[in-house]
Amino acid sequence: MRRRFPLLTIVNTLIYLFIMAPLLVIVISSFNPGEYLVFPFQGFSLRWYEAVLTGGRYTEPFWTSIKLAIATTVVALPLGTMIAYAIQRFDFRFKSALQGLFLSPLVIPTLLFGIGLLIFFSYLGVRMFFLRLLLAHIVLIIPYVVRTMLAGFSQMERAVEEASIILGASPVKTFFLVTLPLARPALLASAFLSLVLSFDELVIALFLTGPGIHTLPMTIYSDIQFNLSPSLAAVSSIIIAGTILIGLLGIAVMRRSQKT
Amino acid sequence: MLKRIPPYWILLAPGLLIFLLVFVLPLGRLLVLSFYKTDPSGAMEAAAVLDQYTRFFTDPFYLQMLWRSVYIGVAVSLICLVLGYCLAYGVSRSQSKHRFMLLMLIALPLLTSAVIRNFGWIIILGRKGILNQTLQGIGIIQEPLDLLYTPTGVIIALVHVMLPYMVLVLYSVLDGLDRTLESAAANLGASSWKIFWFVTLPLSKQGIIAGTLLVFSITLSFFVTPSLIGGAKVKLMATEIYNQTINLLNWPYASAMGVILLLTMLLVTSLYRRVLAGRKPEGVH
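Residue numbers (UniProt numbering), protein chains in the order written: chain Y, 1 to 260; chain L, 1 to 285.
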């Protein structure tokens, strides 16, 4: 039995259009040959892509953001995995309180966390700006890793680990040779989330950055306010394409690892 | 030596250390600072007083800002609920082949950062933006509409940012519904609309509650959209907290506003939960 809702199809098409609209507009604007973001366009040109890709103001912030995202993942992934494993496999006092603590950055507004850290770091006199950003990112990302890894560990067959222990492997060896390989899909998902979220983070950067450090979202943010130009559309289009590509890649990898 | 420490403490210790140092202490400091005194010169002084809170609640300017923030949060949640329900329902009812693709079509563009998507809305909503140019070209309007730097523009862009949260929550509920109930209603002669209104909608109530609560709480403290689309003209709590922190350096006042924002969030969500879900005994879903 199938019921059809023609009205729903029309409404949903409009909503899809609404979802796509801002991205389409940016991509179209990026090919505008003129100096300003005005409509209608006078033609087609790749000059803004050339300007963005052959140096310019976005290169350095881009690398800063990449470095920050990778450094965050390198720290947050193992820490979050350890926390999730402890919560999933052991019973101890304050377990639910600790789990709440490690997930709470998801509930506390980033804005408040940003001010709190700014006040705290200035109080302590910490002026290493990359370190400030990195520490904040680690705390923001750990909840996502913990949540994903908790789900991953809970789906695993415990008997396999027990078998490994019975066969004489130490708990540490079992963890690295049995548990982690089995949790690979969750690990990949966590790493992906961590890289993307940390690459995108703006609010923390606005609060905690200092002279000499610009992340890509910050540069784009301030250019939207003060320097609206087609090269901004070009760099945004590159990020849109990159995000969609990485998203598709992530989906493909997850589907493959789910099959095997 | 290491053997005597339980293994879970070894696993938890590094994370716990970072969380205590970089999360608990700074937020504690924020809370403490909100009770500080500030004198006219801007210097702050340690004291356990409610100066900052009194200043907020006795100034109509700030009370109005709080009200505006709540109002926009409610509007965005409701619009997201309607749009998100249409999408989630449509996807959950399509054949399985298309379903994944439809879901991706929603998720992938929405994965792009909020900053970039708001940039797109600026191009669309401006006085000489695409929307105004098109509407004027067709002849529907004579004068360009003011959308950018207005609450309406902020709501449109916020709905775009918050929609995926709503769709994800609603989709997981709608996808898990027992279809045989709908079939039963159909066999008993109910029309499609009746089935939707009396069976599907009540069954998805938990999703509706969870989705709107999630969207409301994120929206209330969301900074990017009010700052880019609202600018200086639409003053909201989030942008003013940033302004007090970065430009005016009035950290005690910014802290107090932050605490008020958080308390408002808790108050509104618990009221809403009570009104919508509270009539049933605890534990029944």
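It is possible that part of the hints are untrue.
[What the hints assert, rightly or not] Only some residues are given here: those of chain Y computed to face chain L with a beta carbon under 7 Å:
1) L14
2) I15
3) I26
4) V27
5) Y221
6) S222
Everything labelled a hint here was simulated from the structure, so no lab data went into it.
Quick caveat: nothing in here was measured; it's all calculated off a predicted structure.
Beta carbons are placed, not taken as given, at the ideal position from N, Cα and C, and that holds for glycine.
Hints and how they fare:
1. The interface hint given for Y:L14 is broken, as the beta carbon of that residue sits about 9 Å from the closest beta carbon of chain L, more than 7 Å.
2. The interface hint given for Y:I15 is met, as the beta carbon of that residue sits about 5 Å from the closest beta carbon of chain L, less than 7 Å.
3. For Y:I26, the interface hint holds, the least distance from its beta-carbon to any beta-carbon of chain L being 5 Å, beneath 7 Å.
4. Hint status for Y:V27 relative to chain L: violated, with the closest Cβ pair at about 9 Å, above 7 Å.
5. A distance limit of 7 Å between C-beta atoms decides the matter here; for Y:Y221 the minimum to chain L is near 5 Å, and the interface restraint holds.
6. With its C-beta approaching chain L no nearer than about 10 Å, Y:S222 sits outside the 7 Å limit, and its interface hint is violated.
In the structure shown, a violation is registered for the earlier hints numbered 1, 4 and 6, in ascending order.
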